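**Q** Sequence:
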Amino acid sequence: MIRCTKKRKSAALAILCGVTAMLAASSAWAATAECPAQSVVLTGQNTVETPLGPHTYIETMVLTRQTHSTAMDGKWKVTKLKQDMIYPWQIRPPMSLMNQTVDLGDGASMVCSTTTSGNVIHNVCDKGNFVLDVWGGKIGYKRTGVTIGKVQGREFEVRFGMPGKQQLNPVIRGTVKDGAANEVSLSIELANEDQDKGRFAYDIGPNPTLTVKARATTDPESEAQKVHWKFPDIPGATLTVTPATARGAEIEAVYRGMPASNGDFGEKTLSASLEVEGCPVTEERTFRIFFPRDEKNHPGPNPDWPNWLYYWKQTACGKPKGQNVGVIFAPNMSGCGSGTAGFYSYSEPEVVHKHVYICDLSQSLGSDMKTTVPKLTYDPMGATLADRFRNTGVETFTGIDSFGYTMYHEFIHYQNYAAWWEGQGQPYENGLQPVYDKDMDGIPDAREPDMGFDATKTLTYAPSTALRDHLKYDEHWIVYSEARGYQPGLCDKEDWAYHGKQWP
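Take 1 as the starting number for the sequence shown in the working numbering and just add one per residue.
Please keep in mind that the hints were generated in silico from the structure rather than gathered at the bench. Among the hints, erroneous ones may be present.
The list that follows gives simulated cross-link-like pairs (lysine to any residue, SDA-like), each with its CA atoms no further than 20 Å apart [as the list claims (entries may be wrong)]:
#1 LYS127 to VAL151
#2 LYS127 to SER96
#3 LYS226 to VAL102
#4 LYS226 to ASN123
#5 LYS268 to SER96
#6 LYS138 to LYS127
Note that the structure is a prediction, hence the values are computed from the model and not measured.
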């Protein structure tokens, strides 16, 4: 958090570093920064013991100027102010206040961002026109006479913050350096990514964890141990980094616990930053996180549901026609035989009321969850049976598409039930069906002639034995025809399963 001194005279904005990012070989990403003529990096930390545990406060301030001088007197611009507050507990909820302009008085300001990473609050200010004066061995604001530090030779010492309110602010110290030869570079790469594609999957244990390792390469090479890492928060997960200081050439981040929301998987960004003689350089790398598809280690309220059902149910594929349709997971029911993805039942009260049965797709359909359905078209106005009922081949779905199509298909069964039978005051199977649906095809007998069906036949038309075995009854013609409205690929961008549509 910013702790400001009294108002001081502003200065014109000067540009410190132009940073460019490039893609390097072997999945490494690199950034470079040009350096000022003279700079000083002041660092320090302070730990305060409290009844709740130690609170550690780490501060870094970078002062620069664009001309060389053996005398330290003059104006020094604050080109970066970085503050890390480390607590003995995870920060909840995570914070993300980006690019906030902080008014420091007298027309001066800095642009700051406050974020969290595990148990650390990071505050970084790296743009603006915050200038300190150095005169007669003092550091502060010459116009008002307020001092916050001292200079001895090339050694700077500062305690930032309002006098008398600096108990958390550490004393920070640094030595003035002349600019580096030309530039500083930093590149980072993910050390344990899948096939160099930036993909990471949670493990399959009862307490799911995800591990991300990264390494940094710097020029000068000797600066690699000073690299500071920042990993993103994942909702529902506890983050631990090794080393705990989040500094060094190599880093390991372990997330314990999976998100409850499917939308919290996918792309994440880590960053690495370095300062060499006042040259700040930051590089970022994106990666994507996935859940193990067939495990049951999600944090949701249905522990018997596999992860794919829990997370895919949250996507557009789990909401056919935008409707929140209930699901009964039924891997052990007789309706979930080999090759069956799901079913609808007129006789079960909980299903009648906008619920469908979903089978364990990885068991009934195989590891690729592959299902093949007939492409049927039903036209009640056709002059002949062949005109009314057309079969134009088959369509094959896998993975989340099999789930999405099944939800869509079974929901149409419910819609038909609701249109014809719901609200009749009797159960379909033992009350309505024997009187109003004698051929047991799911359609009221009185409606069938106008709809192009034969009210005396369970299945009016099937051009082949295979199709007859697949259809079984007339209402299925309507369902298959309307279910062709399902769009394959609808949920590819929401599929964070390992192995799913985004991890082929």
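**Q** Work down the list of hints and note, for each, if the structure agrees.
**A** Hints, verified against the model:
Only pairs whose Cα atoms come within 20 Å are accepted, and LYS127 paired with VAL151 is rejected, the gap being roughly 25 Å. A hinted pair counts as satisfied when its Cα atoms are at most 20 Å apart, and LYS127 with SER96 qualifies at roughly 18 Å. The hinted pair formed by LYS226 and VAL102 fails the criterion: a straight-line CA distance of about 28 Å is larger than 20 Å. A hinted pair counts as satisfied when its Cα atoms are at most 20 Å apart, and LYS226 with ASN123 qualifies at roughly 18 Å.
Of the pairs offered as hints, the one joining LYS268 and SER96 holds, with about 14 Å between alpha carbons and a cut-off of 20 Å not exceeded. The hinted pair formed by LYS138 and LYS127 fails the criterion: a straight-line CA distance of about 24 Å is larger than 20 Å.
Hints 1, 3, 6, counting from the list given before, are not met by this structure.
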